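So the sequences go chain by chain: D and P.
Using numbering that gives the first Met the number 0, read the first sequence as starting at 0 and increasing by one per residue.
Using numbering that gives the first Met the number 0, read the second sequence as starting at 0 and increasing by one per residue.
Quick caveat, the hints were computed from the structure, so don't treat them as lab data.
The structure displayed is predicted, hence computed values, not measured ones.
Possibly wrong hints are sitting among the right ones.
Quick list of the computed label-pair ranges, beta carbon to beta carbon [unchecked claim]:
#1 140(P) to 21(D): 26 to 36 Å
#2 30(P) to 60(D): 47 to 57 Å
#3 96(P) to 125(D): 16 to 26 Å
#4 22(P) to 27(D): 35 to 45 Å
#5 72(P) to 125(D): 42 to 52 Å
#6 42(D) to 106(P): 13 to 23 Å
#7 139(P) to 130(D): 43 to 53 Å
#8 53(D) to 61(P): 38 to 48 Å
#9 40(D) to 124(P): 14 to 24 Å
#10 61(P) to 60(D): 37 to 47 Å
The beta carbon of each residue, even a glycine, is placed where N, CA and C say it ideally should be.
Chain by chain, the residues:
Number of protein chains: 2
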Amino acid sequence: MAGIADARPAACRLIIVSGDWLDAVKWDSDGLVPAIAQDAGDGRVLMVAWMNREALRLTAEEGSAVYWSRSRRKLWHKGEESGNRQSVKEIRLDCDNDVIILQIEQIGGIACHTGRRSCFFQRLEGGEWKTVEPVLKDPAELYGKR
Amino acid sequence: MAGIADARPAACRLIIVSGDWLDAVKWDSDGLVPAIAQDAGDGRVLMVAWMNREALRLTAEEGSAVYWSRSRRKLWHKGEESGNRQSVKEIRLDCDNDVIILQIEQIGGIACHTGRRSCFFQRLEGGEWKTVEPVLKDPAELYGKR
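Sequences are here, hints too, so could you generate the full structure?
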C-alpha cells in the first residue's frame, strides 16, 4: 500500500514483487474475483466491483483501489474520472480465497456512479426495491469535473 | 421476511408472490448473484456467498438467509447443519442490480465454516496473507451438533 510499502524493508518489497500472495487467490474462469469496498470509518459497504490479478497487484502497490471493468474490459483506477479515489487501508481475503474486501477511505464521500454515497441504495420493501438514499451530487457534475 | 411479511396487507404479499422484484435482479449467466452478509449490529462483513432466484425468494420469505452452493449445486439454508442461521433484517440491491447485501443477525456468532466469526480473516501484510482472527469453535464440533 502506498506509504506503507515504501516504509517496509527491501525484503518485504521483494515479496510483494514476487506475487506469491497473488497466486493464493482463486481467480474465477474469467480471471476475476469480487472485491468489496467498505468504509474504514463506519463500516458502510460502499460498492462491489471486480478485480483481476493486475488490479489487485496495483491496488496493493498504489494504496488506491483499482478494479477491472467487465463492461469496458480494462483496468479502472477508481476515481480516475470523478477524482473520488479510494484510499486503501487494509486488504483481506476470505476463507475460500475468492473474495477480497478493502477497508477504504472514500475521497469525496461518493462511491456510486449515481452520485450516492453507496451503491446499495435500493431496499426491498413490500415486494419492491425502493430507493432509500439521496443523490449527493449530480453524476453529470461528478464526471465532468476533471 | 419472517414476521414482517405476515404482518403486511394481503396486497403486499401478492406483490412478493408475483416476483417482479426478482425480475429486477440481473442474474449472471449461471443465474447467480453474489450476496454479502453484514452484521446488522456492528457492520462487520461476515461472508459472501451466491444466490439464485429461489435462494433470494426464500431468504425474503423466510427471513433467514438461503444461498446457492456452487460446489454442491443445491440450495443451502445457512445454518442447516451448524444451527448458526442468519436472521435477515434488511435486503438491499446495488446500482447495477447484480449484488445483494443482507443485514443480518448471526445466530451463534460464527459465520465461517472454519469456526471464525467472519470469513475475512486473512489480511495482506508484508506481501503475505496472514490469519489474524481466532477460531472460536472447532469446526468438527460446529458441524456435529445437529
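Violating hint indices (sorted, rising): Per hint list: 2, 4 and 5 violated.
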